[in-house]
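Given next are the chains, with one letter for each unit.
There are 2 protein chains.
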Amino acid sequence: MPFRKITQEDITFFKSVTTYVFTDSEQLNRCASDETEDLHYTPEVVIQPSTVEEVSKIMKYCNEQTIPVTPRGAGTGLSGGALAIFGGLVLDMKRFNKILQLDKRNFQVTTEPGVITQELQEYVKAEGLFYPPDPASKGSCFIGGNVSENSGGPKAVKYGVVKDYVLNIEMVLSNGEVIWTGANVLKNATGYNLTQLVVGSEGTLGIITKIVLRLIPAVKHDILMLVPFRSAEEACATVNAIFLAGYTPSALEFMERDALVWSMQYVQTTSIQLPGDIEAHLLIEVDGNDMDVLYKEAEAITEIVQGFDIGEVLFADSHEQKQMLWNLRRKVGEAVKSNSVYKEEDTVVPRAELPELLSTVKRISKKYGFQSICYGHAGDGNLHVNIVKAGMSDEEWNTGLTEGIKELFKEVVRMGGTISGEHGIGLVQKPYMDIAFSPLQIQLMRQIKNVFDPVGILNPGKIF
Amino acid sequence: MPFRKITQEDITFFKSVTTYVFTDSEQLNRCASDETEDLHYTPEVVIQPSTVEEVSKIMKYCNEQTIPVTPRGAGTGLSGGALAIFGGLVLDMKRFNKILQLDKRNFQVTTEPGVITQELQEYVKAEGLFYPPDPASKGSCFIGGNVSENSGGPKAVKYGVVKDYVLNIEMVLSNGEVIWTGANVLKNATGYNLTQLVVGSEGTLGIITKIVLRLIPAVKHDILMLVPFRSAEEACATVNAIFLAGYTPSALEFMERDALVWSMQYVQTTSIQLPGDIEAHLLIEVDGNDMDVLYKEAEAITEIVQGFDIGEVLFADSHEQKQMLWNLRRKVGEAVKSNSVYKEEDTVVPRAELPELLSTVKRISKKYGFQSICYGHAGDGNLHVNIVKAGMSDEEWNTGLTEGIKELFKEVVRMGGTISGEHGIGLVQKPYMDIAFSPLQIQLMRQIKNVFDPVGILNPGKIF
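From first to last, the protein sequence lines are chains A and B. Under this note's numbering, the first residue of the first sequence carries the number 1011, and numbering increases by one thereafter. Under this note's numbering, the first residue of the second sequence carries the number 1011, and numbering increases by one thereafter.
Take the hints with a grain of salt, since some may be wrong.
As the list makes no split between identical chains, a pair holds if one copy fits it or if it spans any two.
No more than 20 Å apart at the CA atoms, straight line, and that leaves these computed lysine-lysine pairs for PhoX-like [said to hold, decoys possible]:
1) K1168 to K1114
2) K1104 to K1067
3) K1420 to K1440
4) K1148 to K1108
5) K1306 to K1230
To be clear, the hints were calculated from the coordinates, so they are not data collected in a lab.
In isolation and in its complexed conformation, chain A is listed as follows:
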C-alpha cells in the first residue's frame, strides 16, 4: 500500500488538534500489540482524541495525506484488529470514556466507546437495568471494541450478542464527516440498516464516537451448576438435549478437562474436585425473576444431564462460589496463553453439530500433531479452539498448522458454520476468508468498504 511515513509536519498538525499526541516508545509499544498471540506492529504516532470534532479533523487530514489510521479500544482483541500493520497512526479511544446519558424511561443508554464494558453494566444495573453482552474480558475491554467486533460472551445464548443491543451509532467517516447510522428506536424500516453494517466491521468503515444501546430490565435471580462428564462429546450432545427439551439457559458453557485444569492452576485454586475419568464440564446457568420457576428449570435440566454419563453435579451455593466458577471459566484463555505460545480459533456451527465439531478438532489435531484445548459458548455452537505450540518445532508450527486450521475451517463451513463467532477476522483470520466466502462475497464487502473509505486509510489490511 502506498502509505508514506509520518513527518514532523504531520505531528505539528496533530498537536494543533489535541495535546494528546505521543511518539515516545512507551506509548508506541503499548499500542503495538493486543491480546492476539505474539504479534507486534509499532505505530508511528499514538493520538488520544476526546471529542468528535478532534476525530473529524484528524480523519480529514489523514484522508488527504493518505496516512493509515488504526482505531484502538482497550487492546483486548483476539484477532489483531487493533494492530497498526502499516504503521501510521493509532487512534487510541481511551479518553472517550464517558457514559453520556441513561434514558431510564426508554431503557436506553448513550455512551462513548472508551467505557469499560463491566463499568457500563454496573452503571445501568444500579438503575435496575441490564446490558447482557459479557465477553470474558469485560473487566478491561471497551464497549466500542465490543461493537466493532460484535462480541458475545456467555449470556449470548439467552440474551443475544452486541448487535442485538445497538440501536444507533455516531461515527466519523474516513473523510472526517460525521453520521448517525440509525435512530433510537426498537423497530426501524427506514432505509438500509447502516447500524448493523457497522457493528462487527472492525474499525474499517469509520471511527465510532457514540453508541446508543437498548437495555432490558435487570434480572433478579440465577442458579449456577457445574456438571462433569466422562465423555467430552457427550457433554456437547447434552447441550442440544437441553434446548430440545424447551429450556433456554442464560449460560451454557463447555470446558474440556485441560481447560479447567489449566485455569485452576492459573488462578491457583484447587476448589474443584476433578476425578481422573472426567473429560469435560458444562457450566449451566438459568436466570429469571421467580425463584420457584428457576428451581423447576434447574431440576428439569438436572434430570436431563443425569440421562448422560456424568459425575456429581456441583450447585453453587453462594455468590462467592458462583464468582469462583465464573472466574475459572473466564480465565481459560489467559491460562492457556500463560502456558505456551498458542493460536485461538473461534469456530461456530449450528448448535447440534457441536459433538461433530469437537471430534473433528480432535481428529485434525492428531493428524497435524498439535495439542488443542477446547472450551466456549456451547449453547451458541461457538467453540474456542486453542492450539498450543507446546512441543512443536517452529517449522511444524509455522507451516503444518496453517494447513490444519484450513482443514478445520473447511469442515466448520461444511457443517453450516463459519470461522468466527465473536472474535472477528482482523488480521489473523484474514488468510482463511476464502474458506468462509466466495470471491464474489468478498468483492461485495470490499466495495462496501470502498463506499465508506475510498482512499483506504481506515484500519487497512484487516478482514480482506
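For chain A, the structure is supplied; the task is to place chain B on it using the hints.
Chain B alone, transformed into the frame defined by chain A:
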C-alpha cells in the same frame, strides 16, 4: 431513467426460461397494485419463476438489456415497494412456495420466499417451534416480503422483528450471480453483516430465493386482556409504566376509539361494550410456559393499569374470545381502508415518547384539517397513523396533507424516532427520506445500492 420498452424478442427470451410468462391484462392488473392507498402502475410483463436458476437467467438478461425488475411477494405491502413504477418486469415470487427444510435439531427452518407467513408459523408450530413475527397480514403475506420490509407485528415487543430471526439469505444479484449472505449460525463475527443489510432493503439489492430463519421453542400459554381508557394519552403513558415496573408483555397494542369502532363495524360485531367516555384501549397479552407465573404477571399488570382512569378490564376467557379480540385489532387497517381514501403513516419513537407523539398527531391533524385514526404497536413506540380523506377537498388532500405529514415526521425525528417502524419506505415515504436522513447518509445508501446493482434495474425508484 433510460429504461426501454419490453419487446417481443425479450418475451421470447423469457419464455425460453420459463413458461410462466404473462402479458395478459388480468395478470398485469393483478400486479399493478398492492395494499398501498390507491396506486396503480401496470408492468409490461409478469414472470413467475420457481427456481434460482430461472431467476438468475432472467436477471442476467434484464441487467444486460436495462429492463427494470420489480420483485413482488403477496402484494400486501403498505409503502408501494412492489409497484413497477417504471413498467418493465414484475418478478412474481408466488411459485417459490416451498418450505425446504425444518432442522428441528438446530431450531432452524429454510424456506422459499413465497411461503405465506402464517403457514410457515403453523408448520413449525406443529413441530413444537415458534417463529414470532406476525404482521397483521400474516394470513396472506409472504415471508420473503416480510424479510424485504423487516416486518414486525404485535409480538415484536417481546420477541423482536424479522431481522432478529433471519440467519442467512440466498439471493440473486442484479447481474444474475447468486450469493448467500451469511451462515446458519447464532453468532457471526466473520466479515460484514450482509444478511442484515439485505433484511429491510425492499428488493433493491437482490432477489431473495431462500431464507434461513432461527426458531425458538413454542410457548404454551397466554393471557389476553382489553383495557379501556378514558384518556387516549393516558393509555399511551400506561404502556411505559408497565415496562418500568419490569414486565415485558408479549403484545401491547393501542387502539384509538375510532379504530375499534370502525373495526367492529367492518367485521360486523357488537361484542365489545364501548361506553361513550372511552377514548382508547390497550390490548395486552402475556405469554409463557408456567400458568402460575402468567397469572402473577397479569395480576401485576392489572394493578398497574388500575392506577389510571380506566373502565372495566375484559379478560378473554376462551380461545374464541382471544381470536375475536385479535381479529378486531388486525382488521383496523382494512376497516379504515374500506371506509375512505386514506394514507397510512408508520411512525416510531422511543417508547416513552408515545403520549407526546399522540398529542402531536392530534395537534397537526387539527392544524391541517384532517381526521386521523391512531393504533399500533405501542410497546415498541410504533404508532400507525391513518389519515382519512373523508370530507377533505382533493386540493387539501393533495397539497396540505404533504405539509402535515412533513411536520409530523419532523416532530417524530426530533423525539428520537423515525418515519417507518415496519412498513418500509418504498414509494410513498420516499419524499420524506430527507427528514430522517442527511444527504450524506442517503448518499452512502445509494452507493451501497450501486455496489449490488450498478445498472440500477432492481426495483428502481424505491427508497431513494
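Each hint, compared with the structure:
1. K1168 to K1114: Cα proximity of K1168 and K1114: across copies only (18 Å, versus 23 Å in one copy).
2. K1104 to K1067: within (18 Å within a copy, 52 Å between copies)
3. K1420 to K1440: within (14 Å within a copy, 44 Å between copies)
4. K1148 to K1108: within (17 Å within a copy, 44 Å between copies)
5. K1306 to K1230: both (16 Å within a copy, 16 Å between copies)
The structure agrees with every numbered hint stated previously.
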